[in-house]
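2 protein chains.
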Amino acid sequence: MMFIEIDFNSDEAIYQQLCNQIIQGIATARIAQGDVLPSVRQLADEVGINMHTVNKAYSLLKQEGYVKVDRRKGAVISCSGQNKDEAKQIIRKDMTGILAQARCRGLTKEDIAELVNDIYNAFDEYDRVKEAGRPKV
Amino acid sequence: MMFIEIDFNSDEAIYQQLCNQIIQGIATARIAQGDVLPSVRQLADEVGINMHTVNKAYSLLKQEGYVKVDRRKGAVISCSGQNKDEAKQIIRKDMTGILAQARCRGLTKEDIAELVNDIYNAFDEYDRVKEAGRPKV
DNA sequence: CATCTGTTATATATAGTATATAACAGATGC
DNA sequence: GCATCTGTTATATACTATATATAACAGATG
Numbered sequence: 001m002m003f004i005e006i007d008f009n010s011d012e013a014i015y016q017q018l019c020n021q022i023i024q025g026i027a028t029a030r031i032a033q034g035d036v037l038p039s040v041r042q043l044a045d046e047v048g049i050n051m052h053t054v055n056k057a058y059s060l061l062k063q064e065g066y067v068k069v070d071r072r073k074g075a076v077i078s079c080s081g082q083n084k085d086e087a088k089q090i091i092r093k094d095m096t097g098i099l100a101q102a103r104c105r106g107l108t109k110e111d112i113a114e115l116v117n118d119i120y121n122a123f124d125e126y127d128r129v130k131e132a133g134r135p136k137v
Numbered sequence: 001m002m003f004i005e006i007d008f009n010s011d012e013a014i015y016q017q018l019c020n021q022i023i024q025g026i027a028t029a030r031i032a033q034g035d036v037l038p039s040v041r042q043l044a045d046e047v048g049i050n051m052h053t054v055n056k057a058y059s060l061l062k063q064e065g066y067v068k069v070d071r072r073k074g075a076v077i078s079c080s081g082q083n084k085d086e087a088k089q090i091i092r093k094d095m096t097g098i099l100a101q102a103r104c105r106g107l108t109k110e111d112i113a114e115l116v117n118d119i120y121n122a123f124d125e126y127d128r129v130k131e132a133g134r135p136k137v
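The listed protein sequences correspond, in order, to chains A and B. Last residue of the first sequence: number 137 in the numbering used here, and the count goes up by one each step with no gaps. Last residue of the second sequence: number 137 in the numbering used here, and the count goes up by one each step with no gaps.
Read the hints as simulated data drawn from the structure, not as lab findings. Check each hint, because a few of them may be wrong.
Same chains, same names: a pair is fine if it fits in one copy or spans any two.
What the hints assert, rightly or not - The calculated lysine-lysine pairs, modelled on DSSO-like cross-linking and capped at a C-alpha distance of 27 Å, are: (1) Lys109 / Lys56; (2) Lys84 / Lys62; (3) Lys62 / Lys93; (4) Lys109 / Lys93.
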């Protein structure tokens, strides 16, 4: 069922990779509002990692408002809680860091705009393909 | 001379904070092409951290192409080596992560465009203020 | 009641971070 | 030449973060 792939040679922590991929899964509508993530034990088995590592990722996602954990059902996707201004403020810091890097590397405002459009279109592209009934990757 | 400020309570590593702040310093033209960073020992004293921590930050900046280290002068700002396509590719991964977060939190393409413009203008704003001869923060 | 769920506790091994002390080679200025 | 600066390297230590392994508990399900 799952599209998670862990790079064990990455310098990014496994629980962070899990978080990021799940967030990208939501952004590309691979998983949607109301969907339930696998149980911590199930996903751990599936991916070949420890239960606690999955649990840490889920806890982080809960803390950041991407899922709500129900004892009965498990981790349910539920991202919408916050208002836009709050969301912008959260995004702003990371975005500032990246834009500083981009600028130092010679990218202009227009280059960034193009890149952002590109990525957003890729998100939508996946949505479209999914709607057409193609198999999930 | 320096605009570096370390948050010792942050969960971000000190050497990472150093890197980020120096990169942002370049983006806002607080420091420019050809300028020389303080020696590892000097900056370490100034900020109140260990020499090796500064050295690690400088090594990272060197590795990522932001400075060139000259045994005589020290760490010289020199960011321009790579072509745009290469730069875009480097930025793309981080940007994808942030945009996924932004989308999950309900931000639209337009919201992002506004945010990007905002941040870029803040960069330019600092440039303008600096040109006018205001004191450095 | 067996079996699933999240959650918590404890222990352990490994890696990353930050510090301290020390030394070396190259460059600079007196 | 010599003291003094530079980056660089080596070693050791303390602390924290990460990931794993076992184990147990309470609530919910069929």
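Against the structure, the hints:
no. : hint           : result
1   : Lys109 / Lys56 : neither (37 Å within a copy, 31 Å between copies)
2   : Lys84 / Lys62  : within (19 Å within a copy, 38 Å between copies)
3   : Lys62 / Lys93  : both (21 Å within a copy, 24 Å between copies)
4   : Lys109 / Lys93 : both (18 Å within a copy, 18 Å between copies)
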